[in-house]
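Chemist: Residues per chain are reported as follows:
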Amino acid sequence: MLTRNRIDGTGGFLFSDLSKHTASTLATMIHLRWRTELQLRLRNFLYTLGQSLHSDSLSFSRHKRRLLVNRLCFCSFRLRRLRSILSPYSLQPLLNMYGRKACELVKEFASVGKGQLTQYNSDLFEQVVAECSQHHLELQSLIRKMQEEGLDVQTARNADHYGALIHHLALVRNKRCLMAYVNNRAEIIRSLVWKIGSVLPKEIEEKLSHTEEEYFNKYSGELKKYMSKMELDLTVDMVPPKDPYIKVRVLDDIGDGIVLSDKTANFARHSIHFLKRTDAEQFISRGLMEELTG
Amino acid sequence: MASSSMDGSIPTMDEFEALLSTTDVELLKRAWRSEKASPEILRYDTDLVSRLTEQIQLMEETVEEKSTSGADPLSLSLYQMDLDRTLFLLRSYLRVRIQKIEKYMFHIRKTDELWNRLSKGEKDFTSRKGSSNLHAYAYRYYASLVFESNEFSCCRCIEDLKQHLEESVLSKLPENYQSVEKQSVISEEDDMVPEPRLDTFVLCRSKEYLSGIQLEDGPVDDRSKLFEMEPGVLYFICYKSIKPLVESGKIDLL
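In the order they appear, the protein sequences are chains A and B. In this text, residue positions in the first sequence follow UniProt numbering: the first is 1, and each later residue adds one. In this text, residue positions in the second sequence follow UniProt numbering: the first is 1, and each later residue adds one.
Don't read these hints as lab results, they were simulated from the structure. Here a beta-carbon is modelled for each residue, glycine too, at the ideal position from N, C-alpha and C. Some hints here could point you the wrong way.
Reference excerpt, derived from the structure (chain B facing chain A, CB under 10 Å, subset only) [claimed, not checked]:
| hint | residue |
| --- | --- |
| 1 | Thr53 |
| 2 | Gln57 |
| 3 | Gln80 |
| 4 | Met81 |
| 5 | Asp84 |
| 6 | Phe88 |
| 7 | Leu90 |
| 8 | Ser92 |
| 9 | Arg95 |
| 10 | Glu159 |
| 11 | Leu161 |
| 12 | Gln163 |
| 13 | Leu165 |
| 14 | Leu173 |
| 15 | Val180 |
| 16 | Gln183 |
To spell it out: a stretch of chain A is covered by chain B in this simulated footprint if at least three of its residues, at any positions, have a beta carbon under 8 Å from a beta carbon of chain B; those stretches are [unchecked claim]:
| hint | region |
| --- | --- |
| 17 | 208 to 221 |
| 18 | 237 to 243 |
Below, in silico cross-link-like pairs of lysine-lysine (DSS-like), each with a Cα-Cα straight-line distance of 30 Å or less [as the list claims (entries may be wrong)]:
| hint | chain 1 | residue 1 | chain 2 | residue 2 |
| --- | --- | --- | --- | --- |
| 19 | A | Lys218 | B | Lys110 |
| 20 | B | Lys103 | B | Lys243 |
| 21 | A | Lys242 | A | Lys195 |
| 22 | A | Lys225 | B | Lys100 |
Chain A with its partners taken away, still in its complex shape:
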């Protein structure tokens, strides 16, 4: 609210008219007619916040503009709209906005249904990692610069400090996104072990990265060990049992080589059997049989 009032107070255009214009028409207006006005206002805004860029004229070099826009968004990140207003005006830096790629990565994970996996996006993943290294370089160079100027890095609050802060925050955010991506995928991989057992179907295997496959194998091994320790197969009995026997229909030719705990039978396709639930469950979860109810 504070920032909004200050900007409004200096001219009263930027936000007060928002209700009348859509963001895009407003942005065109800014682009065409209010360019100088906006520059002026941005400078006023920064000065009022007391964290100005030092130069008198706002020469919008690419780097500076990016810094400025990021700082602006940082200062007033509650005002999401500011970004949409500024975007056509300074399109380039915003398209490369920090953290955008990491956000895309997480969004991609979340875009499919619960418990589903997307293809492991190693391309985007590497880009985010590269962005992180870039941030780290810039962060270090800014800190070096401050040290060369003889400032105390801990306490100094100049433009470089805030620049470094932005790089740090962007890096941390990227890290969180990357970790969330990998960790959530790991969670799904674990649930896969429970659902389909220790053998990965081809179509899922293609979606995993190399380390994820390794993790899958290790985890299923661990689970097996734990279950043999308890002398109990935990992957069956997923729903409370009503009757020890259930009626099932065989969906695939699984042959007659299967020995159940109490009998043997020929499981030809489409044949119907009356089986022990614990025996049938493993076939049901693998999609080889279906339970007939009613």
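Following the hints, position chain B against chain A.
Modeler: Frame of chain A, contents of chain B only:
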């Protein structure tokens, strides 16, 4: 598996229920329910589970015996059903625990109190701090031979997940940002560790009259009021407020 209560004189209904509520199956059911409802991991009852495992084995033998000797098929199927249900309870109990442990494994490992709630051997062989990897491995190998620990896979899981995260993400980040627990070296707390939300609400029922429960939610001036619980009445309450009572077994979660 209420077998002992069936013989001898016919008990009255009250006695019967009192007996029923102390059988191991009933205890397990209670533990299972609480475990399902509580946001954090509860104490693992080693004795209960080992008793139950023995009983299940006994039961399996009985069923086996009866089926070969050609006993009444109806009673056999009743036995089988009873066995299946108990097995389901036990499996589900262990499953719920494993899932919870997996979700919060880093948090559980760094909190002594929670770590001790798992089964006995673990904390000896996965030392939380320091201790070179080699040590940990040796301990683990030794432990896997010696201890009959029940959730022993947990620490392996942590190692595996940690390794997985390190290989895919952390090793590629700048050096000050490589910790699993912290966002960067300047974070004072472990701010990357997911923790269970203790301020969620749970349904619960008390076994006895309880008074003096401090509510931890709601407006500040309400918090000084103490809350009372009647036995057998359902309450919907913030988990944090009744946490110690759940741990001591005075309150059952539903």
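Chemist: Taking 10 Å as the limit, does the beta-carbon of threonine 53 of chain B come near enough to a beta-carbon in chain A?
Modeler: 7 Å, holds
Chemist: Tell me if glutamine 57 of chain B is really an interface residue toward chain A, meaning its C-beta lies closer than 10 Å to one of theirs.
Modeler: 9 Å, holds
Chemist: Next item in the hint list is glutamine 163 of chain B. Is there a CB on chain A closer than 10 Å to its CB?
Modeler: 8 Å, holds
Chemist: Tell me if the interface restraint on methionine 81 of chain B is satisfied: Cβ within less than 10 Å of some Cβ in chain A.
Modeler: 6 Å, holds
Chemist: Is the hint on glutamine 183 of chain B kept, meaning its closest Cβ partner in chain A is under 10 Å away?
Modeler: 5 Å, holds
Chemist: Take the shortest C-beta to C-beta distance between leucine 161 of chain B and chain A; is it under 10 Å?
Modeler: 6 Å, holds
Chemist: Regarding the hint that arginine 95 of chain B lies at the interface with chain A, is the smallest CB-CB distance below 10 Å?
Modeler: Since the shortest Cβ distance to chain A is 5 Å, the answer is holds.
Chemist: Regarding the pair lysine 225 of chain A and lysine 100 of chain B, is the alpha-carbon distance no greater than 30 Å?
Modeler: 19 Å, holds
Chemist: Given a cut of 10 Å on the nearest C-beta pair, is the interface hint for leucine 173 of chain B held or broken against chain A?
Modeler: With a minimum Cβ separation of about 6 Å from chain A (threshold 10 Å), the hint on leucine 173 of chain B holds.
Chemist: Under the criterion of a CB-CB separation shorter than 10 Å, is leucine 165 of chain B in contact with chain A as hinted?
Modeler: 6 Å, holds
Chemist: Tell me whether the statement that chain B covers the region 208 to 221 of chain A is true, taking a Cβ distance below 8 Å and needing three residues at minimum.
Modeler: This one holds; 7 residues, not fewer than the three required, reach chain B with a Cβ under 8 Å.
Chemist: Answer holds if the nearest beta-carbon of chain A is closer than 10 Å to that of serine 92 of chain B; otherwise answer violated.
Modeler: 7 Å, holds
Consistency with the previously given hints is maintained throughout, with no hint failing.
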